[in-house]
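S.K.: Generate the whole structure from the sequences, applying the supplied hints.
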Amino acid sequence: MPLTRVRRLKSPVNDQPIDDLKILQVIDRIEKLNSGIAKFWLNSIGWAPENAAALLAKSRLDWQVSLSSALKIWIREPADDLTSGELILAWVNLGSLVEGSIKTMLSVWLKDYSNDLENLKKANAYNKIKQKIIEPDSLGLEKLRRYCKLQNLLSSSEDALVVLVQQRRNAVHAFQNRAIGDGKEFQQAVRGYLALLRAVNSKLPYPDIMYAPDEL
Numbered sequence: 019m020p021l022t023r024v025r026r027l028k029s030p031v032n033d034q035p036i037d038d039l040k041i042l043q044v045i046d047r048i049e050k051l052n053s054g055i056a057k058f059w060l061n062s063i064g065w066a067p068e069n070a071a072a073l074l075a076k077s078r079l080d081w082q083v084s085l086s087s088a089l090k091i092w093i094r095e096p097a098d099d100l101t102s103g104e105l106i107l108a109w110v111n112l113g114s115l116v117e118g119s120i121k122t123m124l125s126v127w128l129k130d131y132s133n134d135l136e137n138l139k140k141a142n143a144y145n146k147i148k149q150k151i152i153e154p155d156s157l158g159l160e161k162l163r164r165y166c167k168l169q170n171l172l173s174s175s176e177d178a179l180v181v182l183v184q185q186r187r188n189a190v191h192a193f194q195n196r197a198i199g200d201g202k203e204f205q206q207a208v209r210g211y212l213a214l215l216r217a218v219n220s221k222l223p224y225p226d227i228m229y230a231p232d233e234l
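Heads up: the sequence shown at position 69 corresponds to 87 in our numbering, and the numbers run straight through without jumps.
Just to be clear, a hint being listed does not mean it is correct.
[As the list claims (entries may be wrong)] Here are the simulated distance ranges between beta carbons: (1) L42 with V190: 19 to 27 Å; (2) V190 with M228: 16 to 24 Å; (3) S175 with I91: 24 to 32 Å; (4) D38 with T101: 42 to 50 Å; (5) Y229 with P96: 16 to 24 Å; (6) K57 with A178: 40 to 48 Å; (7) R196 with S173: 25 to 33 Å; (8) R196 with P96: 17 to 25 Å.
Just so you know, these hints were derived from the structure itself, not from any lab. No experiment lies behind these values; they were computed from the predicted model shown. The C-beta atom is built at its ideal place from N, Cα and C for all residues, glycine as well.
M.R.: Below you can see the structure in the form of structure tokens.
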């Protein structure tokens, strides 16, 4: 799969260290970047291959933008001033964003993804009964993570973020006790998501620098 080897346009995304930003600035950048990604890829017919463009056109990338803005709901001062219910929902919010960003990346590269049968089978992203691949938009976060790990599409820190968010957000389904972290951990994970989003966007091909999303 050439996704990891394709030379791409340099994105105008600001490379300011994320830890130097205030948390609300981080969220503003997430929202702006997801807005730019949605604006281009929801209307990518003529640039993206036909199947990829069709898959992206029916996706709800606009929800990624709304969910980005919703992160502000969970920001408190001090950071730990969240109820358990609020913290669980905060992780669900962030988990949806992480999952959506990975799905977007794989949907853009749908042709290469579809031809990668060996790794799709290893990631359980292949329906053996129907003898067909499972498209990215139908995969859960764990299968998405497995596939990305097989293809080295996420760095070790990005993979660790996916694991953490996955574990924390799954508390929404739990009756028994599960670790949900705290507000400080959540805010640090939001910073990690901006790093992941930057990495995802750097893997998306644009016809010209003018189309590449900016986070400022």
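S.K.: Hint by hint, note whether the structure agrees.
M.R.: Against the structure, the hints come out as follows:
1. L42 with V190: 19 to 27 Å: With Cβ atoms ~25 Å apart, the hint holds.
2. V190 with M228: 16 to 24 Å: violated, 40 Å
3. S175 with I91: 24 to 32 Å: holds, 26 Å
4. D38 with T101: 42 to 50 Å: violated, 30 Å
5. Y229 with P96: 16 to 24 Å: With a Cβ separation near 41 Å, Y229 and P96 fall outside 16 to 24 Å, so the hint is violated.
6. K57 with A178: 40 to 48 Å: violated, 30 Å
7. R196 with S173: 25 to 33 Å: holds, 26 Å
8. R196 with P96: 17 to 25 Å: Roughly 23 Å apart at Cβ, these two residues keep to the hinted range, so it holds.
Checked against the numbered hints above, the structure violates hints 2, 4, 5, 6; every other hint is satisfied.
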